[in-house]
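In order, the protein sequences belong to chains A and H. The first sequence begins at 7 in our numbering and counts up one residue at a time. The second sequence begins at 305 in our numbering and counts up one residue at a time.
Take these hints with a grain of salt, some might be off.
The list that follows gives simulated cross-link-like pairs (lysine to aspartate or glutamate, EDC-like), each with its CA atoms no further than 16 angstroms apart [stated by the list, open to error]:
no., chain 1, residue 1, chain 2, residue 2
1, A, Lys302, A, Glu280
2, A, Lys8, H, Asp321
3, A, Lys327, A, Glu107
4, A, Lys8, H, Glu348
5, A, Lys8, H, Asp337
6, A, Lys327, A, Asp343
7, A, Lys115, A, Asp81
8, A, Lys8, H, Asp335
9, A, Lys302, A, Asp325
10, A, Lys8, H, Asp353
11, A, Lys302, A, Glu283
12, A, Lys339, A, Glu192
13, A, Lys132, A, Glu166
14, A, Lys345, A, Asp325
15, H, Lys307, A, Asp129
16, A, Lys327, A, Glu313
Simulated from the structure, these hints should not be mistaken for laboratory data. Predicted model, so just to flag it, every value in this text is computed and none were measured.
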Amino acid sequence: MKYVDEYRDGEVARRIAARIATELQPGRRYHFMEFCGGHTHAIARYGIGELLPPQLRMIHGPGCPVCVLPIGRIDQAIGLALQHRAIVCTYGDTMRVPASESLSLMRAKARGGDIRMVYSAADALKVARENPGREVVFFAIGFETTTPPTAVVIRQAQAEGLRNFSVLCCHVLTPSAITHILESAEVRQYGTVPIDGFVGPAHVSIVIGSGPYEHFAEEYRKPVVIAGFEPLDVMQAVLMLVRQVNEGRAEVENEFARAVTREGNLAAQRLVAEVFELRERFEWRGLGEVPYSALKIRPAFAEFDAERRFGLVYQGVPDHKQCECGAILRGVKRPTDCKLFGTVCTPENPMGSCMVSSEGACAAHYTYGRFKDAAVVAG
Amino acid sequence: MRKPVSLALVEDAQVGDFVIVHVGFAIGRVDADEAERTLALFAEMAAQDAAAAATAP
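Construct all of the structure, not just a fragment, from the sequences and the given hints.
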């Protein structure tokens with residue numbers, strides 16, 4: 007595919023890796039966080055970790071949409087299907103996230119809940135049109151990439167006068183999550199998570215632009231290089247980060263210039279601002295309650311807000327005691343540090359959210375890290 | 305495989321443009337010039353490496 011295959015050339019990847027190796031300063035260690043789950047997946051899938059020298063470590067960040075979704079939110083969606091008997095539509099990855107009482111949306115479906123996997127928010131709207139006698143709720147999750155499509159369908163529902171459609175809005179914001187990590191005790195005081203720079207998100211940055219990262223680079227003295235999702239993009243971004251660290255620079259650079267501008271997609275931003283407003287607080291799995299880190303539906307669209315429509319009250323629920331997803335999402339631990347990893351917790355039977363999506367750190371490690379074979383031997 | 309993609313978020317997209325699609329919505333366009341510039345950077349690196357190898361003692 008054009009603009010994809012060219013950025014997957016193995017020979018060029020090895021060349022960039024060699025360049026990175028020669029430019030690293032002896033005796034110095036380099037730690038870069040890839041915020042986005044799309045990059046976590048690319049790093050595991052293309053074996054980028056193995057191409058990089060041992061003194062350079064990639065730390066997985068919390069930018070995997072289903073990974074950061076707390077149990078309490080899945081419980082709300084399950085409640086809508088089982089107690090309120092609504093048709094709940096959601097993206098596929100959300101189906102298997104573990105919820106309370108050993109449930110998940112998938113298991114709630116097996117118990118008779120009308121839960122439907124959709125590819126797009128537009129499909130959820132279609133379900134509402136086709137079922138005028140039923141309540142249809144779109145369980146909307148994700149970062150700034152999935153938020154504009156949700157805004158489009160809410161406006162469309164209003165324009166069509168659809169009375170049976172609403173949205174359980176769980177959209178979250180990338181810049182707030184990065185700030186939260188930079189402000190966390192682990193990064194600021196204890197130094198347990200040394201971060202020398204960030205690989206900035208690809209698709210999120212198409213929407214929000216490179217501008218919002220300028221604050222991190224300046225305020226926290228951390229270089230940010232926005233990268234595309236292809237392996238050469240990631241390798242080149244790492245090389246650019248190494249150069250910034252070596253030269254003592256902390257700037258926002260854009261490797262993904264073919265799709266990302268400084269101001270981003272203004273039409274999408276306007277739509278989002280019209281339909282959504284900031285939530286004062288929102289619970290993230292792994293990060294806890296983060297102030298002003300998520301969006302809710304504006305009063306002008308109140309009739310499409312499932313929380314208002316069904317009188318939902320958020321109830322936080324602690325994660326599985328031994329699950330290390332929280333620490334993994336903060337970059338404090340690696341998947342293999344978790345006792346459950348690859349034994350009790352596998353992509354077929356995930357105990358924690360990081361094992362669910364292919365963008366989750368645990369699932370990516372498990373699928374591409376030869377743990378499959380190891381698990382078979384151990385079993 | 306054919307899938308419907310909404311252009312609601314990139315209304316100025318023209319036939320022949322490449323767009324980046326996320327959950328069934330085009331969220332941005334690919335700038336062909338910038339795409340070539342990034343590839344040229346990789347090619348330049350290859351040329352530099354070849355030159356360095358040729359002049360190595």
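Results for each hint:
no. : hint                 : verdict
1   : A/Lys302 to A/Glu280 : holds (11 angstroms)
2   : A/Lys8 to H/Asp321   : holds (12 angstroms)
3   : A/Lys327 to A/Glu107 : holds (14 angstroms)
4   : A/Lys8 to H/Glu348   : violated (20 angstroms)
5   : A/Lys8 to H/Asp337   : holds (13 angstroms)
6   : A/Lys327 to A/Asp343 : holds (14 angstroms)
7   : A/Lys115 to A/Asp81  : holds (13 angstroms)
8   : A/Lys8 to H/Asp335   : holds (12 angstroms)
9   : A/Lys302 to A/Asp325 : violated (24 angstroms)
10  : A/Lys8 to H/Asp353   : violated (26 angstroms)
11  : A/Lys302 to A/Glu283 : holds (5 angstroms)
12  : A/Lys339 to A/Glu192 : holds (11 angstroms)
13  : A/Lys132 to A/Glu166 : holds (12 angstroms)
14  : A/Lys345 to A/Asp325 : holds (15 angstroms)
15  : H/Lys307 to A/Asp129 : holds (12 angstroms)
16  : A/Lys327 to A/Glu313 : violated (29 angstroms)
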